[in-house]
Amino acid sequence: MNKAVEVSSLIKRYGDFYAVNNISFSVEKGEIFGFLGANGAGKSTTIKILCGITSPTSGKASVAGFDAAEQSGRIKEKIGYMSQKFTLYDDLTVEENIRFFAGIRNIAGDRLSQKMKEVLELSELEGKEKQITRELPGGWKQKLALGCSILHEPEILFLDEPTAGVDPQARRVFWEIIFSLQKKGTTVFITSHYMDEVEQCSRIALMHRGNIAALQSPEDLKKDIIPGTILNLQCRSPLTLSADLRKISEIRRIDPLGRGFHIILNDRSDETLQSAKSKISKILENSGIKEDVLETVPAGLEDVFVYLIGSLEEKTDAA
Amino acid sequence: MLRRIYAMAWKESLHIIRDFRTLYIAFVIPIFLILLFGYAVNFDIDHIQTGICDQDRSMESREFISRLQAGGWFEVKTLTSEPDEIQKALQGGRIRIGLFIPSGFHKQISRGETAQIGAVLDGSDSGSANSGYNYLQLFFNEYKFSILRKSFQQYGLHPPAVPEIKPRILFNPELKSRYYMLPGIIVLITAIMSAMLTSLTAAKEWERGTMEQLISTPVRPHEIILGKIIPYTAISMMQSLISASAAVWIFELPFEGRIADLLITNFFFSIGALGIGITISSVLKSQLPAIQVSLIASMLPSLFFSNFVFPIDSMPLPLRILSGIVPAKYFLLMLRTIFLKGTGFSAYYPEFIFLTVFCFIILAAASRNTPKRIL
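Protein chains in written order, with this note's numbering: chain S, 1 to 319; chain V, 1 to 375.
No lab work stands behind these hints: they were computed from the structure. Please note that the accuracy of each hint is not assured.
Short, incomplete list of chain V residues facing chain S, as computed with Cβ under 10 angstroms [stated by the list, open to error]: (1) 11; (2) 119; (3) 122; (4) 336; (5) 373.
Derived coverage of chain V by chain S (criterion: at least 3 residues anywhere in the stretch with Cβ under 8 angstroms from a Cβ of chain S; other residues may be distant) [unchecked claim]: (6) 213-227; (7) 340-349.
Here are the computed lysine to any residue pairs in the SDA-like style, where the Cα-Cα straight-line distance is at most 25 angstroms [said to hold, decoys possible]: (8) 130(S) with 19(V); (9) 117(S) with 66(S); (10) 372(V) with 120(S); (11) 285(V) with 15(S); (12) 85(S) with 283(V); (13) 204(V) with 165(S); (14) 128(S) with 15(V); (15) 285(V) with 294(S); (16) 184(S) with 90(S); (17) 282(S) with 294(S); (18) 128(S) with 283(V); (19) 285(V) with 44(S); (20) 130(S) with 15(V); (21) 279(S) with 291(S); (22) 88(V) with 55(V); (23) 372(V) with 318(S); (24) 285(V) with 291(S); (25) 78(S) with 209(V).
C-beta: ideal position from N, C-alpha, C; glycine also.
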């Protein structure tokens with residue numbers, strides 16, 4: 001009962017397709033746990049199994065101490081779920097939506113009025129109670145959806161790409177809400193495409209083709225995954241250079257980024273760095289292109305993500 | 001549990017109020033249908049278009065024609081002395097029956113000989129031809145008897161007494177087919193409109209993604225179904241009451257029974273019909289196919305296997321057995337009893353029990369098809 005979520009050897013198969021392919025992990029209480037991965041990597045499926053919306057093919061998952069396959073009814077009382085789809089009733093007003101989801105959760109009387117006030121405050125919708133939800137801007141809809149999914153003060157909150165298509169300002173507010181929930185002891189399980197968002201999590205599981213490719217804190221991921229120094233090269237017409245750059249033996253990978261590349265070297269030694277740098281300068285000189293930037297940079301989460309997926313793809317291609 | 005059902009029902013009522021399409025299906029279409037059916041569906045054939053070729057042109061022949069017209073069954077459209085014109089009118093469809101009065105008709109009658117009148121009927125409209133033939137028989141019986149009476153009187157004699165059949169027809173003395181049909185129309189409208197109303201609700205939640213949200217909460221399938229059914233039951237009953245009132249006030253359908261009987265049978269039939277719609281909606285998960293399938297699934301049985309138009313007793317055995325599970329058949333029987341006979345509950349309690357059982361079965365089916373999980 002110490003863990004909020006515990007998953008072992010979980011599999012979800014649709015015909016021949018393994019949406020979730022034998023994953024195991026656990027989430028501590030009070031953690032903000034991030035799920036990162038491309039579309040179809042298995043993030044949403046895993047969340048749906050944990051919420052008792054979908055049943056697993058095999059394996060074990062326990063949420064708030066209850067078995068996801070056997071006791072989904074108990075789990076549903078302990079969790080909140082908000083998916084990437086807009087899941088409020090858009091022909092109901094703001095207040096009616098809150099009232100409905102409260103009713104479904106058996107919240108009434110004084111507790112309802114108190115919760116109503118809290119949610120309106122949280123989603124900054126005070127004064128807009130009578131507005132039809134359809135007419136709200138996207139960010140507000142998402143905040144209201146979040147509000148409706150935490151009415152019953154869930155132990156664990158599952159958020160499946162909650163900020164997809166929401167403007168940066170609204171996303172910031174959204175995360176403030178998430179942090180305030182964490183302070184109250186709520187465990188938050190979130191998936192996202194946005195690197196800056198995932199960076200806020202205490203730990204990140206990187207999913208790829210139904211598997212967990214890495215599971216660490218953001219700091220550890222950046223430290224551990226990439227084996228070599230990263231060079232940031234920004235210049236005009238970088239695409240013409242990539243074929244020549246690939247011939248340099250010290251370079252392990254080249255990934256396009258911005259108006260140039262992130263170049264990952266074979267190791268972190270100084271010799272490799274110096275020899276790579278001089279070879280790159282020579283190529284630039286020969287092609288008559290002047291670099292704007294050529295410098296070493298610390299690994300970002302995006303570097304880690306691209307590197308990890310890239311090397312996994314190479315492995316599958318080789319096999 | 002009650003609070004969750006209440007929350008569902010309340011939310012569903014808001015959807016109904018906000019969506020004019022629902023209100024349109026609920027109230028405008030039924031009124032339109034009852035008016036359409038009430039005025040158009042009439043199997044009583046009178047005013048049969050008739051042509052007469054009178055080649056005798058005597059007092060007797062004119063008397064025959066005026067008697068024929070006075071009965072109200074036949075409407076003389078063509079009166080001529082040319083047989084060809086009758087032929088043409090029949091072929092052109094202007095008349096259904098042609099009668100030929102040959103010259104010498106009055107002489108034959110006055111001499112006491114058997115006079116012959118020829119009749120030609122248009123069999124391409126078998127309904128009219130059939131009724132026309134029956135009416136002709138009736139008319140001629142009466143006509144023959146009047147001639148007989150006259151000749152007896154000429155000789156100062158009393159006409160002989162002949163036995164007559166004197167039927168007394170119960171519940172619908174004038175045998176108006178409209179009285180017989182109107183309850184069927186109410187059944188048809190209630191069945192179709194109810195199924196169509198709910199066929200959209202579950203599918204809408206699947207399409208919008210809100211069903212997934214509901215599944216993530218502790219709300220149970222039967223709570224979703226009951227919550228959705230409750231407001232629609234009210235609408236469906238209002239619909240039937242509107243149809244019934246229109247039948248009574250506009251089309252003068254007698255109402256011999258008690259309103260309470262009407263309400264309670266209607267209540268269970270409505271829930272059954274609504275349950276069919278919501279089950280289809282849950283299975284198909286998509287609004288357009290759901291409303292189409294519901295239309296067919298509710299219309300065909302209530303049209304063919306309810307005794308509405310086609311008598312079940314004359315159907316082959318497999319169809320008779322099939323009709324046994326059609327709730328519309330039982331509801332129609334009860335409605336005809338309530339409207340025309342006024343006999344109470346004791347007259348139809350087996351049918352009533354079937355209806356309630358059907359109601360529970362369909363609600364269970366709808367709940368079973370609302371999953372606690374998706375795949």
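Violated hints - listed by number, lowest first: 2, 3, 4, 7, 9, 10, 15, 16, 18, 23, 24
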